[in-house]
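Engineer: Given chain A, work out where chain B should sit, using these hints.
The listed protein sequences correspond, in order, to chains A and B.
For the first sequence, the UniProt record's numbering begins at 1 and goes up steadily by one.
For the second sequence, the UniProt record's numbering begins at 1 and goes up steadily by one.
For the record, the hints were derived by calculation from the structure and aren't laboratory data.
Accuracy of the hints is not assured; some may be wrong.
Copies of the same chain look alike in the list, so a pair counts if it fits in one copy or across any two.
DSS-like cross-link-like pairs, simulated, lysine-lysine; straight-line CA separation at most 27 Å [said to hold, decoys possible]:
id	residue 1	residue 2
1	Lys78	Lys44
2	Lys103	Lys69
3	Lys23	Lys69
4	Lys103	Lys78
Now for the letters of each chain:
Number of protein chains: 2
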Amino acid sequence: MIHYNGKEFICLLDFAMEFIRGKWKSILLCHLYEGPKRFLELQKSIEGLSQKVLNEKLKELEGEGLINKIIYAEIPPKVEYFLTDKGKELYEIIAPLKKWSIKYYPDIDEKGE
Amino acid sequence: MIHYNGKEFICLLDFAMEFIRGKWKSILLCHLYEGPKRFLELQKSIEGLSQKVLNEKLKELEGEGLINKIIYAEIPPKVEYFLTDKGKELYEIIAPLKKWSIKYYPDIDEKGE
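The following block holds chain A by itself, in its conformation from the complex (with noise of 0.2 Å):
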């Protein structure tokens, strides 16, 4: 048992896994590994994301170390995310499941990407 910030996990992967878990934390460390993103650009680009589920998903992932953001200094602020050297790895590593899914599942369509 890994004891960590209160809670328990099973083990290296189950610990691993806990950053990942949930529908929208893998979603949005694939799309800022593209690149920096906006807070709209990435509300825009992830269908059925809402505005207040985007914004504590990207709270945790910058607690969690995975994402950073860039401040402009411009006049409307401008406000940037970026994956850390972190956030990258661990996006490195399951980034090889979308083959996977295509080896196991060649007909389902992913339609609008």
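Structural biologist: Frame of chain A; chain B shown alone:
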């Protein structure tokens, strides 16, 4: 958007992640990657996993083609679960998450493994 089995997925990554959502499925893949195991072996080796949930998760993994079972014609009957190629390949993709955990959280302590 991907439509599959009455569910909607944002992208191929989201689709694949669905197979390992929740706490137990990735852990079960990890334990079965070591070799075929019986129900009770799995239950004993994974702390906190109830018989009911283990039963559910094994059925889900079997339904998704990630594991299979061998029923030996013995008395009492012996049943062993093992990973299919599809399950093995899925696990091999996520296995490096363990190294990622150690790299970024070198102080976490994995007792009893």
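Engineer: Each hint: holds or not?
Structural biologist: Now for the hints, and whether the structure bears them out:
no. : hint             : in the structure
1   : Lys78 <-> Lys44  : within (17 Å within a copy, 53 Å between copies)
2   : Lys103 <-> Lys69 : between (35 Å within a copy, 23 Å between copies)
3   : Lys23 <-> Lys69  : within (22 Å within a copy, 30 Å between copies)
4   : Lys103 <-> Lys78 : neither (40 Å within a copy, 33 Å between copies)
The structure does not agree with numbered hint 4 stated previously, though it agrees with all others.
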